[in-house]
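Engineer: Below are the chains, spelled out letter by letter.
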Amino acid sequence: MATADITEFVQKVVDAMDLDLEASAEEMPDGVRINLNGEDGNVLIRRQGEALAALQHIVAAIYRHEAAEGRRLVVDCMGYRKGKDDELKQMALFLAGKAKDSGLAQEIGPLNPYERRIVHLAVAEVDKVTSESIGDAFEKTVIISVK
Amino acid sequence: MADLKGLIEAVARALADQPEAVNVRESERRGATVYELQVASGDLGRVIGRQGRTAAALRTLLSSAAEDDDKRVSLDIRDQTGRS
Numbered sequence: 088m089a090t091a092d093i094t095e096f097v098q099k100v101v102d103a104m105d106l107d108l109e110a111s112a113e114e115m116p117d118g119v120r121i122n123l124n125g126e127d128g129n130v131l132i133r134r135q136g137e138a139l140a141a142l143q144h145i146v147a148a149i150y151r152h153e154a155a156e157g158r159r160l161v162v163d164c165m166g167y168r169k170g171k172d173d174e175l176k177q178m179a180l181f182l183a184g185k186a187k188d189s190g191l192a193q194e195i196g197p198l199n200p201y202e203r204r205i206v207h208l209a210v211a212e213v214d215k216v217t218s219e220s221i222g223d224a225f226e227k228t229v230i231i232s233v234k
Numbered sequence: 061m062a063d064l065k066g067l068i069e070a071v072a073r074a075l076a077d078q079p080e081a082v083n084v085r086e087s088e089r090r091g092a093t094v095y096e097l098q099v100a101s102g103d104l105g106r107v108i109g110r111q112g113r114t115a116a117a118l119r120t121l122l123s124s125a126a127e128d129d130d131k132r133v134s135l136d137i138r139d140q141t142g143r144s
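Quick note, the sequences are listed as chains A and B, same order. For the first sequence, the residue numbers in this note's numbering are 88 to 234. For the second sequence, the residue numbers in this note's numbering are 61 to 144.
If we strip away everything but chain A, and leave its shape as in the complex, we get (with noise of 0.2 angstroms):
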């Protein structure tokens, strides 16, 4: 599967969408980010990034086999998803050092996969500490707590 392909797909979408929007790939070390600049970038990041959110399970659903061969396919638009990601990571480590030190567990979510990942990833960095996902919906809390 081709990154130009994907690239190509969202540049589609954003088209057919009538905005004002400039799709492109990013290699990163576990997969690709599509970035999308232009004057139309709200839409997508309005209500939370409500539509930004929905072209990216519509990608990772298209492109599904992608994600079996374990490459990570992130949609982000005017480093919306960036600056997200960013701040729920300190959050973990914040979460990951208060649970170090007072021994208590620390609760966080309810997560959906793509962001629990974020959170495990950041606790696995500080040691003593373990993370766990609870819960049998899509959206999951995280639990972090010493070993």
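Derived by calculation from the structure, the hints in this document are not laboratory data. None of these values were measured; they are calculated from a predicted model. Careful, some of the hints might be misleading.
The list that follows gives simulated cross-link-like pairs (lysine-lysine, DSSO-like), each with its CA atoms no further than 27 angstroms apart [what the hints assert, rightly or not]:
(1) A/187 <-> A/171
(2) B/131 <-> A/99
(3) B/131 <-> B/65
(4) B/65 <-> A/99
(5) A/171 <-> A/185
(6) A/234 <-> A/185
So the derived label-pair ranges between C-beta atoms look like this [to be verified]:
(7) A/98 <-> B/140: 29 to 35 angstroms
(8) A/219 <-> B/132: 42 to 48 angstroms
(9) A/201 <-> B/130: 31 to 37 angstroms
(10) A/98 <-> B/129: 19 to 25 angstroms
(11) B/113 <-> A/178: 24 to 30 angstroms
(12) A/221 <-> B/134: 36 to 42 angstroms
(13) A/170 <-> B/110: 27 to 33 angstroms
(14) A/152 <-> B/136: 27 to 33 angstroms
Idealized CB from N, CA, C, for every residue including glycine.
Let chain A serve as the given structure and place chain B on it in line with the hints.
Structural biologist: Quick look at chain B alone, frame taken from chain A:
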């Protein structure tokens, strides 16, 4: 003006195993634009998604695009037999 029919076709064809069976009809009903998406029976599940999540995502994109044109839209999804 957004090409919502084109948007639905592009997404449905990309999701479908039988893209040639994808068909979108557009009509007006009480001031709203109604889109009827027809796909092969075998593709219905993929287009709708688990717990209807893919269909919901497509509807979100449609309303986002329609919002700026001050239009109201709705989307029906069915297979050739009319099942949805």
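Engineer: Need the status of pair residue 187 of chain A, residue 171 of chain A: alpha-carbon distance at most 27 angstroms?
Structural biologist: holds (24 angstroms)
Engineer: Keeping to a limit of 27 angstroms between CA atoms, is the pair of residue 131 of chain B and residue 65 of chain B held or broken?
Structural biologist: Distance ~14 angstroms between residue 131 of chain B and residue 65 of chain B Cα, so the pair holds.
Engineer: Just tell me: holds or violated, for the beta carbon distance of residue 221 of chain A and residue 134 of chain B against 36 to 42 angstroms?
Structural biologist: This hint holds: roughly 37 angstroms between Cβ atoms.
Engineer: Take the C-alpha atoms of residue 131 of chain B and residue 99 of chain A, compute the straight-line distance between them, and say whether it is at most 27 angstroms.
Structural biologist: Answer holds: residue 131 of chain B to residue 99 of chain A is near 21 angstroms, not above 27 angstroms.
Engineer: Is 29 to 35 angstroms respected by the C-beta to C-beta distance linking residue 98 of chain A and residue 140 of chain B?
Structural biologist: holds (31 angstroms)
Engineer: Hint says 24 to 30 angstroms; check whether the CB-CB distance for residue 113 of chain B and residue 178 of chain A agrees.
Structural biologist: holds (25 angstroms)
Engineer: Regarding residue 201 of chain A and residue 130 of chain B, is the given constraint of 31 to 37 angstroms on their beta-carbon distance met?
Structural biologist: holds (33 angstroms)
Engineer: Honestly, do residue 219 of chain A and residue 132 of chain B meet the 42 to 48 angstroms range at C-beta?
Structural biologist: Check passed, 44 angstroms falls within 42 to 48 angstroms.
Engineer: Does the Cβ distance between residue 152 of chain A and residue 136 of chain B fall inside 27 to 33 angstroms?
Structural biologist: holds (29 angstroms)
Engineer: Please test the hint of 19 to 25 angstroms on the beta carbon pair from residue 98 of chain A and residue 129 of chain B.
Structural biologist: holds (20 angstroms)
Engineer: I want to verify a distance hint. Is the separation of the beta carbons of residue 170 of chain A and residue 110 of chain B within 27 to 33 angstroms?
Structural biologist: holds (28 angstroms)
Engineer: For residue 171 of chain A and residue 185 of chain A, compute the direct alpha-carbon distance and say whether it is at most 27 angstroms.
Structural biologist: Cα-Cα ~21 angstroms, so holds.
Hint compliance for this structure: no hint is broken.
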